[in-house]
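> One-letter residues, chain by chain:
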Amino acid sequence: KAGVTQTPRYLIKTRGQQVTLSCSPISGHRSVSWYQQTPGQGLQFLFEYFSETQRNKGNFPGRFSGRQFSNSRSEMNVSTLELGDSALYLCASGQGVTGELFFGEGSRLTVL
Amino acid sequence: AQRVTQPEKLLSVFKGAPVELKCNYSYSGSPELFWYVQYSRQRLQLLLRHISRESIKGFTADLNKGETSFHLKKPFAQEEDSAMYYCALGTGGGNKLTFGTGTQLKVEL
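Residue numbers (the working numbering), protein chains in the order written: chain U, 23 to 134; chain L, 2 to 110.
I should point out that these hints are in silico values taken from the structure, not numbers from a laboratory.
Check before you lean on any hint, since a few could be wrong.
[Said to hold, decoys possible] Per the computed footprint, the stretches of chain U lying under chain L, defined by three or more beta-carbons under 8 Å from a beta-carbon of chain L, are:
1) 57-67
2) 71-83
3) 87-94
4) 123-130
Yeah, the Cβ is synthetic: ideal placement off N, Cα and C, and Gly gets one too.
Just chain U, with the same shape it has in the complex:
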């Protein structure tokens, strides 16, 4: 089976712009979670989608949003980018066992 695929792998944006990141989960996985990883804060949970519904949400501002499609693929969007949004954004998919996540390689966002 193919692993979790994230695109793009790297991107550079400027403050005020918006960005959309994409995640394709492992085939058959219905849960997709997003995490932000930074050197200062570590891994922080953004949100989780299951069968197109947001099941959990972390403590991030409304500028961070996501969605999941009927084929389980997910996108996350960050609007009005700030310098502090520079991070590695990780997507993880899961089947049914709580906490057993399969991570992608991440999308590295740099905000200038």
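We have chain U already, so just place chain L on it with the hints.
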């Protein structure tokens, strides 16, 4: 609020020595604990979870609710164990995990 603490940023041991990576958690409900590992240039992956009570690659971890700990142990470290280890807490209702800040394990020859 839930919290996971990994007090050591870096742990350096010699090959063949015992390893203990510390993890303490704070959560008022019934916790689910996990250890994730990231080897150099690889993805973050699940190592083990407390509910399965199994040994993976020689590693074990026991949930101690009294001490709110979930330390990761291995009796004899191997060079291939060098990696970043993250302790994670699940608080039910899905796949929301709270991660610790990670411990870099370096096994020296």
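> Determine for every hint whether it applies to the structure shown.
Verification of the supplied hints:
1. 57-67: holds (count 5)
2. 71-83: holds (count 4)
3. 87-94: It is violated, with 0 qualifying residues against the three required.
4. 123-130: holds (count 5)
Hint compliance for this structure: hint 3 is the single one not met.
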